[in-house]
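Which chain is which? The protein sequence lines are U and F, in order.
Heads up: the first sequence begins at 64 in the working numbering, then just goes up one per residue.
Heads up: the second sequence begins at 754 in the working numbering, then just goes up one per residue.
One thing to keep in mind: the hints can contain errors.
Said to hold, decoys possible - Which bits of chain U does chain F cover? Going by a derived footprint, with three or more residues having C-beta under 8 Å, they are: (1) 191–197; (2) 239–250.
Claimed, not checked - Heads up, incomplete: computed chain F residues facing chain U, CB under 8 Å, no partners named: (3) 803; (4) 805; (5) 822; (6) 825; (7) 831; (8) 903.
For the record, the hints were derived by calculation from the structure and aren't laboratory data.
Virtual Cβ for every residue (Gly too), placed ideally from N, Cα, C.
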Amino acid sequence: MVTGFYHRMSISQKLAMWAWIFLIPAVLFYSIIRFYPTFNSFWISLTDWDLLSEANFIGFENYARMLQDPVFWKVFGNTFAYLFLGTPISLVIAFVVAYYLDQVRFMHGFIRALYFIPFLTTAVAMAWVWRWFYQPVPIGVFNNVLSALGMEAQPFLRSTTQALPAILAPAIWAGLGFQIVIFMAGIRAIPDSYYEAARIDGAGKWQILREITIPLLRPTIVFLVVISSIGFLRIFDQVFNMTPQGDGGPLNSTKPLVLYIYETGFDVFDMGYAAAQTVVLFLILLVITLLQLRLLRAT
Amino acid sequence: MATVSLRKVVKRFGPLTVIPELDLEIAHNEFVVLVGPSGCGKSTTLRMIAGLEDATGGEIRIGDRVVNNVEPKYRNIAMVFQNYALYPHMTVARNISFGLRAAKLPKAEIDKKVREAAEILGLEDLLERRPAELSGGQRQRVAMGRAIVRDPQVFLFDEPLSNLDAKLRASMRVEIKRLHQKVRTTVIYVTHDQVEAMTLADRIVIMKQGVIQQIGSPLEVFQKPHNLFVATFIGSPAMNLLEGEIVAGGDGPALALGEGMVVPIPDRPGGRIEVGQKVTAGLRPEHLVADLETMSTLPDPWHLDATVTVTEPLGSEALVMLSLGGHEVTGKANSAAMPEPGHPMRLGLDLRHLHLFDPETERAIY
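Please construct the entire structure, taking both the sequences and the accompanying hints into account.
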């Protein structure tokens, strides 16, 4: 009976049936674990839910509160500071390293592995090591070097102006290995004959870089900008582990949106407000990603 | 416009010797084709002339200048690549003007040169397109445009037509020839296709394993191959080769081809054959004829009996695979009078075009 039914199906129907059978686990997973909570948070953001008592619908009150909240705006600014500093700096460094590493034959694999190791290392462990690096003399490596050079010791993580870049540095460093590997793959994918033709045509190194390498790397660059932008917008581990009490201090100077959401939700248990912030973060990520995908398609 | 000369040029890649020692003189405005099977060193030779590979030894001159240590861009050459090397993100106009922009020419002059090149190649309407929007033949023309705007002393072509289909290849061949007539410049052209070599070249250089086998005009290498390799490489379908022996005939030496088949060898000055010598005889398919009219012009002893095994009608004529005294040979026949496979066939051998090779040295001896 069942086999008869199966045999009566056309080949494309059978293919579709099997495709769906194999897709079901992933579809279920995404629906229950990802899509449902995502949509639910939109609802929670319109309530005053505090994890214990019943959630009451309060309209856009959480969003109105956000506009009035100076900490939210501080955090909002910090998040974009991570993004606008982190993405370009890390991409430029990664490109320069990949560009020259591609030309290095000596111990190529070993050097590439060295660059990749931070990407494989736990962010927490790295954050703590870097936290020590930033300590005052005699513990902190950086201040030891500065004092050995006869320069003034720097407060680093204790300063409201230096703390954010100090936290950004290991975050950039951690992502570098991945970006370098992707850049090298992109550089390798450009046919040699383009460079040979350019050499014969008399193009200089700079013209080749500007007119051939970088334009042809455009898909790679857009991909890395998207990935690293999302990474910097969601920065959390480094800040949580490198600031005292994990509070994004001093004076909220390093606190990113994700950390603020975490505090609002799980320290203050103000789930409605936390959800509203999450929705804002979601929208920012969405806009940036769509914008960048559009740029990619423009090629 | 320049001569190109390679003197005792050697190329090694690590322990691998690609070119043991190569000498080649190319005249002003000459169209020279380097031809040979893949891996024969023809592309490497071209790339050494271009400066994309260093010569391990020897001397390369363009004009009066030794260029071994001269950067490609200072050699005053232009090169067309097999994959065209067109930059996908640039318009046709920008692709063509790439070298001129590199040379920092004034914009007005660049525009003028691009327009001129586009006119020569019929690309006027395509200047604002990108390579992806062009057909294979158009891309090929853009690649040539990029080469001609630079007004080089020497044009280098590296298998430029091998990515095109057969029909387009034939028409691009004509176009390259026309281009050479219009822009008189020295051309060095690499291909593995002997038809391209024959149709384009003033002189053909046939290479095998990094060694030049023969240099000559297309007709010379076709009619007087120096060795077995050249004989079989040039010409399509390939020359028939038959193992045989020189025997004493009625008047003068004769060629015994086995199974009692003996044909006289016509007198020819410069032949170095002795009775008793083993030889490899070569005869092109067009000289194995089956139509009665041509056969009647050949003397009687040049007629032999063969058996048809396979026929390949080509339209105007037909190729006939025959069994001739135990040898498999290819001949040409009139397609109207096509014999059936398995049938006997009377065949005329045009022995005026017979080639004899020493089976050991593979050199031509007659």
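Which of the listed hints are broken here?
The structure conflicts with hints 1, 2, 5, although it agrees with all the remaining ones.
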